[in-house]
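Chemist: These are the residues of each chain, in order.
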Amino acid sequence: MKGQNVSALNIKRGSTSHSAYDLRDPNAEIIESHTLAVVVDNESGVLARVIGLFSGRGYNIESLTVAETDHARHLSRITVVTTGTPAVIEQIKAQLGRMVPVHEVHDLTVEGPSVQRELALFKVAGKGEARIEALRLAEIFRAHVVDSTLESFVFEMTGTPEKIDSFAELMRPLGLKEIARTGVAALSRGV
Amino acid sequence: MTKAMTGARMVVQALKDQGVDVVFGYPGGAVLPIYDEIFQQNDIRHILVRHEQGAVHMAEGYARSTGKVGVALVTSGPGATNAVTGLTDALLDSIPIVVLSGQVPTFMIGTDGFQEADTVGITRPCTKMNWLVKDTAKLSGTIHEAFHVARSGRPGPVLVDIPKDVQFAQAEYTPMQRARTAHYQPRLKGDIEAITAMVEMLETAERPIFYTGGGVINSGVAASQLLREFVEATGFPITSTLMGLGAYPASGKSWLGMLGMHGLYEANLAMHGCDLMINVGARFDDRITGRLKDFSPNSRKVHIDIDPSSINKVIRVDVPIIGDVGHVLEDALRIWKARGRKVNKDGLAKWWKQIKEWQSVNCLDYKPSEKTIKPQYALQRLEALTKGMDRYVTTEVGQHQMWAAQFLGFEAPNRWMTSGGLGTMGYGLPASIGVQVAHPEALVINVAGEASWLMNMQEMGTAMQFRAPVKQFILNNERLGMVRQWQELLHGERYSHSWSESLPDFVKLAEAFGCKGLKVSDPRDLDDAIMEMIRYDGPVIFDCLVEKHENCFPMIPSGKPHNEMLLGEADTQGVIGAKGAVLV
Ligand SMILES: Cc1ncc(C[n+]2csc(CCOP(=O)(O)OP(=O)(O)O)c2C)c(N)n1
Ligand SMILES: [Mg+2]
Numbered sequence: 001m002k003g004q005n006v007s008a009l010n011i012k013r014g015s016t017s018h019s020a021y022d023l024r025d026p027n028a029e030i031i032e033s034h035t036l037a038v039v040v041d042n043e044s045g046v047l048a049r050v051i052g053l054f055s056g057r058g059y060n061i062e063s064l065t066v067a068e069t070d071h072a073r074h075l076s077r078i079t080v081v082t083t084g085t086p087a088v089i090e091q092i093k094a095q096l097g098r099m100v101p102v103h104e105v106h107d108l109t110v111e112g113p114s115v116q117r118e119l120a121l122f123k124v125a126g127k128g129e130a131r132i133e134a135l136r137l138a139e140i141f142r143a144h145v146v147d148s149t150l151e152s153f154v155f156e157m158t159g160t161p162e163k164i165d166s167f168a169e170l171m172r173p174l175g176l177k178e179i180a181r182t183g184v185a186a187l188s189r190g191v
Numbered sequence: 001m002t003k004a005m006t007g008a009r010m011v012v013q014a015l016k017d018q019g020v021d022v023v024f025g026y027p028g029g030a031v032l033p034i035y036d037e038i039f040q041q042n043d044i045r046h047i048l049v050r051h052e053q054g055a056v057h058m059a060e061g062y063a064r065s066t067g068k069v070g071v072a073l074v075t076s077g078p079g080a081t082n083a084v085t086g087l088t089d090a091l092l093d094s095i096p097i098v099v100l101s102g103q104v105p106t107f108m109i110g111t112d113g114f115q116e117a118d119t120v121g122i123t124r125p126c127t128k129m130n131w132l133v134k135d136t137a138k139l140s141g142t143i144h145e146a147f148h149v150a151r152s153g154r155p156g157p158v159l160v161d162i163p164k165d166v167q168f169a170q171a172e173y174t175p176m177q178r179a180r181t182a183h184y185q186p187r188l189k190g191d192i193e194a195i196t197a198m199v200e201m202l203e204t205a206e207r208p209i210f211y212t213g214g215g216v217i218n219s220g221v222a223a224s225q226l227l228r229e230f231v232e233a234t235g236f237p238i239t240s241t242l243m244g245l246g247a248y249p250a251s252g253k254s255w256l257g258m259l260g261m262h263g264l265y266e267a268n269l270a271m272h273g274c275d276l277m278i279n280v281g282a283r284f285d286d287r288i289t290g291r292l293k294d295f296s297p298n299s300r301k302v303h304i305d306i307d308p309s310s311i312n313k314v315i316r317v318d319v320p321i322i323g324d325v326g327h328v329l330e331d332a333l334r335i336w337k338a339r340g341r342k343v344n345k346d347g348l349a350k351w352w353k354q355i356k357e358w359q360s361v362n363c364l365d366y367k368p369s370e371k372t373i374k375p376q377y378a379l380q381r382l383e384a385l386t387k388g389m390d391r392y393v394t395t396e397v398g399q400h401q402m403w404a405a406q407f408l409g410f411e412a413p414n415r416w417m418t419s420g421g422l423g424t425m426g427y428g429l430p431a432s433i434g435v436q437v438a439h440p441e442a443l444v445i446n447v448a449g450e451a452s453w454l455m456n457m458q459e460m461g462t463a464m465q466f467r468a469p470v471k472q473f474i475l476n477n478e479r480l481g482m483v484r485q486w487q488e489l490l491h492g493e494r495y496s497h498s499w500s501e502s503l504p505d506f507v508k509l510a511e512a513f514g515c516k517g518l519k520v521s522d523p524r525d526l527d528d529a530i531m532e533m534i535r536y537d538g539p540v541i542f543d544c545l546v547e548k549h550e551n552c553f554p555m556i557p558s559g560k561p562h563n564e565m566l567l568g569e570a571d572t573q574g575v576i577g578a579k580g581a582v583l584v
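Keeping their order, the protein sequence lines are chains D and A. Here the first sequence stands for residues 1 to 191, where the numbers follow the numbering used here. Here the second sequence stands for residues 1 to 584, where the numbers follow the numbering used here.
Fair warning: there could be bad hints in the mix.
[Unchecked claim] Computed spacing ranges between beta-carbons, pair by pair:
hint, chain 1, residue 1, chain 2, residue 2, range
1, A, Gly-235, D, Asp-70, 47 to 57 Å
2, A, Asp-112, D, Glu-178, 26 to 36 Å
3, D, Thr-83, A, Gly-110, 34 to 44 Å
Read the hints as simulated data drawn from the structure, not as lab findings. Quick caveat: nothing in here was measured; it's all calculated off a predicted structure. Glycine included, every Cβ here is placed at the ideal spot set by N, Cα and C.
My request is simple: use the sequences and hints to build the entire structure.
Modeler: Rendered as structure tokens:
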């Protein structure tokens with residue numbers, strides 16, 4: 001098969017960030033989820049340009065967070081969780097990487113282990129048993145009560161998006177009214 | 001030495017410092033301070049266009065024929081929105097231009113002020129980068145950065161939006177050397193290991209081909225020179241996209257002609273049958289590849305491109321080389337020579353024998369006529385009568401464009417400007433003026449279709465005012481010919497709105513503009529008329545009445561692979577299936 005041909009130099013195909021060659025099957029139709037960290041100039045219009053790339057080229061955004069992370073150098077960090085086939089993910093990274101205001105693009109999903117956290121607020125209204133059960137579950141999930149009235153709580157929780165999803169599921173029958181989520185922030189582990 | 005000046009003066013100063021000698025523009029309320037500054041100096045020439053789209057295409061024509069950055073100046077609101085088509089055109093063809101637009105004063109932004117438009121919002125997806133400058137202190141630095149971004153890496157259009165109060169306010173001027181450019185320095189040198197891998201491959205390849213594109217032209221004249229040297233030294237066949245014509249001379253012995261949807265039979269079959277494809281500054285565009293699944297199925301592929309996002313975007317390649325074409329070719333040649341200039345002589349001889357067979361098909365053959373002017377014939381005569389002249393050609397979009405690419409030969413880069421990626425009807429006339437302004441003494445011809453030409457014909461006024469003796473060579477088939485051709489092949493010959501009805505009398509139109517009009521319908525008069533056009537000292541509108549129902553061949557129908565090409569009318573019955581008809 002042509003795709004398997006190795007160059008005359010026998011350059012090994014490895015899918016590290018240091019190699020232009022790709023180990024994974026490029027034509028695989030599997031959909032992968034990747035967390036990208038994109039360091040950009042903190043200037044007006046830059047976020048719009050990055051988001052415009054996703055909508056304009058039909059890429060998915062599962063989650064997006066952005067804030068200035070380096071005041072002195074005027075840099076912001078955009079963390080975006082996206083999904084697509086391996087070929088699409090590679091293309092997204094290349095498209096981001098060539099943008100003028102983009103300084104760095106890191107694929108935290110392939111560049112080794114990383115930690116991913118999201119913060120969420122849950123408003124749960126209820127009385128009696130439901131209210132007690134909500135409080136009990138919150139404790140198990142290490143959610144904090146940040147506001148309470150006689151009929152409601154606001155819980156605050158940090159964790160992986162999956163943990164937040166499962167807590168939300170549990171709260172739903174117990175009077176969940178509203179959720180606010182920050183989207184994922186992520187860093188690679190170690191140095 | 002730096003000194004304080006108004007924003008408007010900064011604009012002019014920055015343009016001068018960038019070596020700009022001409023600006024194509026149109027005034028309006030939001031750029032009046034800049035126009036006031038333009039009035040008070042003589043270094044920069046201003047070409048007053050008739051429509052802002054014209055200004056941007058002129059800047060493109062100027063840029064493509066000189067290799068320099070083209071500049072357009074437009075007012076806020078409608079001025080800026082009129083520039084959008086040109087910006088998109090330049091983005092898709094990677095043409096370096098800087099568009100400066102006026103904007104309502106900063107304190108009015110967001111109030112739906114008169115002639116306010118969200119220009120940076122509207123133009124964000126059609127620029128390589130754009131800026132809204134809210135502080136005069138940042139204006140000159142931003143303009144310098146804009147030029148740097150436009151010309152560096154893969155070139156492209158940029159826009160700087162300048163509110164009127166920023167033009168009036170005073171601040172310190174930032175000279176070019178102090179502008180921010182360090183953050184954008186795309187890599188020029190290719191990876192030596194990958195280049196060596198390419199060299200190893202070309203040493204043994206039996207059926208190699210160079211597939212070149214606009215990247216060679218954009219890389220500069222030296223890149224074209226290196227490409228020629230490489231092709232001559234290896235004896236490999238070479239084909240090019242529409243965008244890359246002229247990088248390798250059409251008279252060169254390894255030239256196969258253009259490839260793609262309306263490319264030459266031999267070029268497309270060689271692409272299909274090769275065992276090594278060396279893509280130099282092209283991007284596997286869908287007009288080139290046809291059906292992806294069947295694109296050159298048995299070849300190993302090398303791709304040289306300065307833009308990493310072009311690599312593996314549509315076609316997976318075996319050896320990607322990210323870098324500037326000129327730099328990479330230089331290294332490749334050096335390495336190939338150092339390793340003993342090896343090629344697979346036997347393989348190549350057989351390969352050329354095969355190619356010669358394909359060439360003997362004479363795919364550009366057409367049925368000649370004594371009564372009507374065949375468009376192909378008109379272009380053959382134009383070629384014969386202008387060859388060897390200091391000639392530049394622009395085109396509009398349609399059948400005439402493809403025929404021009406097939407029948408005109410380009411011996412040097414920067415001599416051929418056509419809207420490739422966007423396919424913008426209305427490009428050719430203003431582009432020809434931009435070219436002529438850059439090369440006042442040259443023969444500049446716009447090969448046009450009557451329908452495209454009407455889209456920006458107001459620019460004849462510009463040509464007259466600025467004495468740009470552009471020759472408008474209109475192949476008038478009284479049809480939206482390319483649309484008609486598709487309707488014939490794909491839509492059961494139902495010619496829905498593909499007639500050019502109520503056409504003007506082009507000769508009278510020429511008179512109305514004050515230039516020369518010529519009209520020919522008899523093939524026997526053609527040569528004399530072309531000579532008259534060339535000799536006339538001024539703009540000419542040449543109405544060449546051609547065969548109305550001629551189709552452009554060869555043609556690879558949408559969704560078909562290279563080896564299922566149509567060579568002529570006889571091949572056209574029921575060719576495009578429902579799936580292909582969905583494609584454009
Ligand atoms: C601005 C724009 N609108 C529509 C089209 C679609 N289109 C492509 S070719 C064509 C017909 C062009 O007719 P003409 O300029 O007379 O050239 P011909 O094909 O007859 O040589 C049209 C309508 C286009 N390319 N650009
Ligand atoms: Mg026509």
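Chemist: Range first: 47 to 57 Å. Now tell me if the beta carbons of A:Gly-235 and D:Asp-70 are that far apart.
Modeler: Given about 54 Å between the Cβ atoms, the range holds.
Chemist: Using the Cβ atoms, figure out if D:Thr-83 sits within 34 to 44 Å of A:Gly-110.
Modeler: holds (35 Å)
Chemist: Taking the beta carbons of A:Asp-112 and D:Glu-178, is their distance inside 26 to 36 Å?
Modeler: Holds, since A:Asp-112 and D:Glu-178 (Cβ atoms, about 34 Å apart) stay within the stated range.
Of the numbered hints listed earlier, not one is contradicted by the structure.
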